[in-house]
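Engineer: Numbered continuously in the UniProt record's numbering, the sequence shown closes out at residue 302.
Heads up, a few of these hints could be off.
The calculated lysine-lysine pairs, modelled on DSS-like cross-linking and capped at a C-alpha distance of 30 Å, are [said to hold, decoys possible]:
#, residue 1, residue 2
1, Lys-187, Lys-54
2, Lys-220, Lys-233
3, Lys-142, Lys-233
4, Lys-142, Lys-206
None of these hints come from the bench; they were simulated from the model.
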Amino acid sequence: DWGKTAVPVGNDRVNEGWRRKICEWSFEVVDHFGFDREVVSIALNYLDRILAMKTQLSGEPVPRREFQLVAVTSLYLATKLHGETDDANGPRRKLKLTAYVELSRGLFSVDTIESTEQVILEELHWRLNPPSTVRFVDMYVKFLPQFPANNNLPPYVTVSNSYFEMARYLTELSVCASRFNFMFDLKPSLIAYSAMLCAIDSLMSKIPLPYDLRLEFLNKLAQATSYTPTQAKVRQCKKLLKELCPQAFNDCADEPTLVRTSSISSTQAYEEEMPTTGKTSPVCVIDELQSLSPEKRRRTNR
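My request is simple: use the sequences and hints to build the entire structure.
Structural biologist: Below you can see the structure in the form of structure tokens.
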């Protein structure tokens, strides 16, 4: 979990709206070009760490243009290093740097992005493989006990895939919320664990997994992670995650009954469909960030 930002609690120097727009734009870019969405969490990790250094050194907010430049360069660097997919039918090429120049509507040149890339590499001391929350989710779901198929239980693959997808969705939402890093400094392993607990809560009505299997699953997670549902930091992280998508937990108890230190009670939830991510194109999202003057906007759109 060395990829934390290490920003002091209560730091309010990063504009939440800027970061959220950059996150949405980044997801649009990787979706458009068919890259794994994990790339966005890696790019935001670079961005957060650089912002932490800059704000701690200067004591001043990062200027908007510099913020955008670091964000675009971070995504370029993340896709270059981690963008290839394991899917045989997935993309096997890296995006050219000129593609990011075009996506930014020419706001930043090739030379500017390349020089910023070098700065990021040096400032981060080439520590460019942060542990992402989705990797932890992928590891955690493997602790789900195997069980035989029967008429009373959904197939194992259905349960494991459903838990994974729901937990991953929540971790993706957390990437766009700066308070997970800047206000509470939550580790990726903790966010992933809390997201898995939220997935169990949310999907209980659709995935009626027997209590003994849930208990075994949570006990294995506790042994592997040292996290338990009763810990204050876990409760806090679960609360934050549920606030990101409250409609998925409308019928969940606020404080589910706990049995032992690593299990939660059966709860009913997930009555509504989850919202999809933004529909805005990558270029449109970056346009909202630029706030160019009318004269510059006319030149850019030619």
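Engineer: Now tell me, hint by hint, if it's right for this structure.
Structural biologist: The hints, checked one at a time:
1. The hinted pair formed by Lys-187 and Lys-54 meets the criterion: a straight-line CA distance of about 21 Å does not exceed 30 Å.
2. At most 30 Å may separate the alpha-carbon atoms for a hinted pair to count; Lys-220 and Lys-233 meet this at roughly 19 Å.
3. A threshold of 30 Å between alpha carbons decides the hint, and for Lys-142 with Lys-233 the separation of about 23 Å falls inside it, so the pair holds.
4. In summary, the hint linking Lys-142 to Lys-206 is supported, as the alpha carbons are separated by about 20 Å, within the 30 Å threshold.
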